[in-house]
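Once you have looked at the hints, place chains B and C on chain A.
Chains as they are written, first to last, in this note's numbering: chain A, 1 to 280; chain B, 1001 to 1366; chain C, 2001 to 2271.
For the record, the hints were derived by calculation from the structure and aren't laboratory data. Worth double-checking, as some hints may not be accurate.
Listed next, the stretches of chain C that the computed footprint assigns to chain A, with coverage defined by at least 3 CB atoms under 8 Å from CB atoms of chain A [claimed, not checked]:
# : stretch
1 : 2017-2029
2 : 2109-2118
3 : 2209-2221
4 : 2224-2232
The list that follows gives simulated cross-link-like pairs (lysine-lysine, DSS-like), each with its CA atoms no further than 30 Å apart [unchecked claim]:
# : chain 1 : residue 1 : chain 2 : residue 2
5 : C       : Lys2103   : B       : Lys1177
6 : B       : Lys1192   : B       : Lys1119
7 : B       : Lys1279   : B       : Lys1295
8 : C       : Lys2103   : C       : Lys2058
9 : C       : Lys2163   : B       : Lys1141
Bear in mind the structure is a predicted one, so any value in this text is a computation, not a measurement. Virtual Cβ for every residue (Gly too), placed ideally from N, Cα, C.
Next come the chains, spelled out residue by residue.
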Amino acid sequence: MNRSSTIGAQAIFMSPAVLLAATIMLPPLFFILYTSVHGTSLSLHEYREIASSSLFRRTLGTTLVIAVASSVLSVFLAFIVAVHLARQTARRRTILLVLVLLPLWTSILVKCFAFTIILGRDGILNGILSWLFNTKIQLPLVLNRIGLFVGLTNSLVPIAVFPILASVLAIDDSVYRAASIMGAKPARILRTITIPLSLPGILAGLFTTFVYSLGAYIVPSLLGGPRDQMLSNLVDFYNRQVLDWPRAAAISVVLLAMISVFGTPLAFWRQRKGIGGARV
Amino acid sequence: MGDAKVLADHSAHAITLRGTSKTYGPVTALHPIDLTVDKGEFLTLLGPSGSGKTTLLNLIAGAIGPTTGTILLDERDITRMPPRERGIGMVFQNYALMPHMTVFENVAYPLRVRREHPKAIRAKVMESLDRVGLRGLEDRKPRQLSGGQQQRVGIARCIVYSPAIIMMDEPLGALDKNLREQMQGEIKRLHKELGTTIIYVTHDQEEALNMSDRICLLSGGQIVQLGSPDELYFQPRSRFVAEFIGESNLISGRVIGNDRMKIAEDRFILVPKAERIEKSEHLVMVRPEKVRISKLDENTAEGDNVLSGEVVSSSFIGGMTRVTINTENGLSITAKMVSARAHSRPEPASKVRLCWSPSDSVVLEN
Amino acid sequence: MSKIRDSHSQRYRVFGTALAVIIYIGLLAPLVVTVPMAFGPANTLAFPPQDYSLDLFKIFFFTSGWRGPLFESIKIALAAMAIAMLTGVPAGYWIARHNFVGKRLVTGVIMSPFVVPTVVAALGLYLCFSYAGLSGTMISLVLGHVTVALPFVVLMIIAGVVKLDPNLEFGAELMGAGPIRMFVTVVLPQLIPSLVSSALFAFLISFDEVVISSFLAGPNTITLPVKMFGALQWEVSPVIAAVSSFLMAVSLLVCIVAIALRRGAPLEGER
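Looking at chain A on its own, in the form it has when it is part of the complex (with noise of 0.2 Å):
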């Protein structure tokens, strides 16, 4: 467009946001960086001791287990959840949309108080099993993995529904109508209709949320139990506990780089798919 005139304006509106992202969005990025290699010294050790550290083995292990187990687990979820919603009327969808936007959009705090009153020894559950086989229960359900692995899917799901039912709702009709009238059933409209067109908004969910489980903090700190703890406590650990920063900024540079690993290839595929598709 005209250039002269179009820098000005652009200087003005955009300014603003690229001085917050040069002052504290990257900066932090790269202190982290800068602190993990002992500053200009760049040194390697920290990365050594962690690789050899069965601590950060230990928990890495338990990292990778959990967010794959949670995220894939929300995202099946998730997708009973959209298609549900899919099916109803535009009116309806917004009503039942809350269900899911509510706890989407509820500190993850209040959710884990609530998990540790219903899954504790003395807790709901316990309380509803006791009263059904009419004997004192008292299964331990939180503050060890279980609990872990029930929050933390618990918080993923509403985040799982959104793309997924984006492209569920994106699927045209006609396409299930033309299904149904050649004969095809339930089960198979979903099986080649449903699942591969939602593919997207599936894989979307899965990256979205393997990416926020991998970085999980609190629902391992106060949910889990102290051999479930997860990478992001041990950065924790080792910031406050130890004041040991090049190690937790270390671990964090892992953490990262295990995002750009997992995420870049899905990236990249949804970047192919939407120049292809629905973009002209």
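For chains B and C alone, kept in the frame of chain A given last:
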């Protein structure tokens, strides 16, 4: 009205394009073109979608900058000038009215931008609403108006600040047929009253023929023919023009002498006299309404081209009836005639004779 | 003939709905549980409570230990919301409408908090602000919250702008309006639903933010979530039920307003 014509006669150009082109990476939206629009002229940019007419419009309006060439507005170079300084008005296909403003505020917007006095604004807005017949609706919101009324607001908003040029981008494209014809008349009337230069974009050839002083027919990012509606209809230069504007019969033949063409073994037709390269291949165009159908035993006028053939189909389309005839020498010719009752229309499979006057045919340049 | 197929689809549908209902219950149960407890007695935490009172809310709103953090959180959230809106709205508009050199980079950096784990961002901010000598200050908390609120604002504004007709903006420019005037008179009025929801969400994000706050907070800048996080880690006191219900009520309010605006917009455009 009279003043405007006088002004136009003194003929400073309203818009001059010199070698203006636009490419997007490897795609050429508009090849370098030269075009001048006279003051007070109604010029229509006509063409199929993707022909470059919207690109041309956007270049003049300043929505995009040209890849090469210059654009002069009233002898001023505006090639790199931001749209707001050009003083051009535009009427959009989808009206582009501000949904949050009333009709009055919409029309007043360009004046408020120019910081005119509130009194002057009120007077001008009322005057231009009067002109488009919307007085009394000034407090409505656009969504409370019909499509035709919304477009009138769009036009009022444009004429209110007397821009040097008004661009109209398929302004009637979203309206139904009857309303479209009525609005065409109104736009023509406004053009006469105001004497403004109007550059009008459409893909509807009838609209272009009806409204324009000149038509600029575009195809593939190039100007194919520029001229009055008459010229484009009666003197098309190429097959594209002949086929795009109106209906046409095209007969290919080889030049013999300066007024005859050979269209088959032993079959010649007469064409208007002109210097042509002997034996070169050309297309001859005859408009269907110029082709007359007669019974085999009727006499034909002296000097007319006459072919005989068999009626293939006859379709009644209201005022006119379209008849398709396969001639003895394998041509398919369409004739259009004023409709008669069914029993006296040519029936399929009947043998008929076709004739047209050589002066009604055009030898296309290529 | 069609009856056979119908009953099959019907059963299938009922099964899907039943599953969905179970999931909805699973999502909502943790929220619902806290409400009756918030109205329980001040000394014990039990579900369902033996008797009902407003004691917990009294403790929450009238003891300085909880009231201080509540006001701290409100102040910080208002400031973070203001900064995120003032910077994010123009940027979102420009990103949605223009191509410019470095657009991908700038957008990528602004959106990075969506993928960078919060703990990593929190540690980075902590290191940064310590270096700048801003540890434990309110400014550091506000700026920290802006990093997470800004991408939401920008994203919601982009989504809002994309739905607007660009011809309106071009038309206004053609009629002589400069970019800022055009933005204020043409774009912003049409964006009001997006503006309100993004402001509310920016507030809510900051108001509920725990991780960054717990890394950055000093003794004088303890926010409500930080206080609550600490309380949950060490001794689960009954007041938390009241705090939870309060936080949930705030979220519910924001969600309802956002949905009402989203519903309002298309209804208006239908005519």
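Exercise for the section: Compare the structure with the hints numbered earlier in the document and write down the numbers of the violated ones, lowest to highest. Expected result: Hint check: 5, 7 and 8 fail, others pass.
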